[in-house]
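*Asks:* We have chain A; now place chain B onto it with these hints.
One-letter residues, chain by chain:
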Amino acid sequence: MDETRLWEMLEAPDIETRLHAAQQLTQATTPPLDAIRRAMEDETIAVRTHAIEAAAKFLPPEELVSMVANQQNATLRNAAIEALKLSGSLGVGALVAALTHTDPEVVMFAAQILGDVKAELPVEPLLELLTHEDKNIAQSAIETLGKRRAIDAVPALVSVLENDFWLQFSAITALGEIADHRATLPLVARLQDEMYRGEAAEALGKIADAQAMTPLLDVWREDTWPPLRARVTLAIARVAGRHPETLKEIEDRLVGDDVSLLRTLLSTHAKINRSVGA
Amino acid sequence: MPQKVLVVEDSQLLHRMFDMILARGPGFQVVHAMNGKDGLDKLAENPDVEVILLDINMPQMNGLEFLSKIQAEPQLRTIPVVIVSTEGKEEDILRGLKAGARAYLKKPFQAQDLLQVIEKVREVKLQE
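Going down the list, the sequences are from chains A and B.
Position 221, counted from 1, in the first sequence is what this note's numbering calls 219; the numbers after and before it change by one each time, with no gaps.
Remember, this note's numbering sits 15 above the position in the second sequence when you count from 1.
Okay, chain A solo, but in the shape it has when bound:
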């Protein structure tokens, strides 16, 4: 399509015309880059979605990072963030470089985006952010290490469990995502605190270490808040699924109606899992 015509279409008042032009941007082999930049700021989500796809393919990742640094334009910033997530291995170099950017918000966004990029990543630059003085940056790095299931990050994430609420909560979740046995006992210790109990129970269920069964049963008995019990029941089901021999501990730790109630819940879980082929 002629470039002048494309610009006219991107400036058109009706959405359909702008949408058609944005689709052209994704299909062209060498689309005009300024047109992509313009469409990334369009007021209509569908137009922006096509422009983001084109930006991921055609705009230099370094330029997308500089758009992330634009604090005055939330629409452009968010479009650039989404484009970088789609950029795959093309964007990794610019994003890793952005982890040492002078603007802390850019560092935070780069750390977050790396969690969603479909490409191999170096873990070391993210580990260095775990002790960053800006808690939002440290939290973003923790979340990304969890999403990437970075097994090398387990010892560092365990040490974050001694930190404040914001980072500790994030580290518990990340350790559950990574599901490494080295985190079992530190997470069992977090079951003592009401604020972290549900998250720690869920993480322990994902790790499914036999050592977690007794403490999970104790929490199930002691804390009867229904949303918490649902999460602990699922965690117990996961541990029992991996270690059926631990089920005998139910009779050791629970008494009376609790035994039959938990057995019924576990049986229901197993039936649901079978029916969905899990």
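In short, the hints are calculated from the structure, not lab data.
Here the structure is a predicted model, which means the values were calculated and not measured.
Virtual Cβ for every residue (Gly too), placed ideally from N, Cα, C.
Any given hint could be a false lead.
[What the hints assert, rightly or not] Have a look at the derived ranges for each label pair, beta carbon to beta carbon: (1) A/13 <-> B/56: 18 to 24 Å; (2) B/41 <-> A/6: 52 to 58 Å; (3) A/265 <-> B/113: 54 to 60 Å; (4) B/56 <-> A/88: 30 to 36 Å.
*Replies:* What follows is chain B alone, placed relative to chain A:
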């Protein structure tokens, strides 16, 4: 009936934090939305939402776009909105308040800060 709080936020992790802080002690019912567009859908399904906690940087429809949409709807603009964002400079706060938010809470926040700001905007709304 527990009071409903709508959380519009793109981080799954933060949704879990909000759940932990709001659902257990104070007993709020938390309604979750992953971006502004999802937030508008959830508001349509939950017209009894009492407070909205809103992030700014989100995919598809960002927080400021969401705010401008609800400000244009007479039945929605009375719901107090608290922006909860990493962007904490004075200009960011002013931009959010000018767009119609009632309060601004910077991340990272403590559980008590969140509960206090919700209580404050609800009190102000009751006095109006």
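*Asks:* Evaluate the given range 54 to 60 Å for the C-beta pair formed by residue 265 of chain A and residue 113 of chain B.
*Replies:* 56 Å, holds
*Asks:* CB of residue 56 of chain B to CB of residue 88 of chain A, is that within 30 to 36 Å?
*Replies:* 33 Å, holds
*Asks:* Could you tell me whether the CB distance from residue 13 of chain A to residue 56 of chain B stays inside 18 to 24 Å?
*Replies:* 19 Å, holds
*Asks:* Between residue 41 of chain B and residue 6 of chain A, is the Cβ distance one that fits in 52 to 58 Å?
*Replies:* 55 Å, holds
Comparing the model with each earlier hint shows no violations; every hint is respected.
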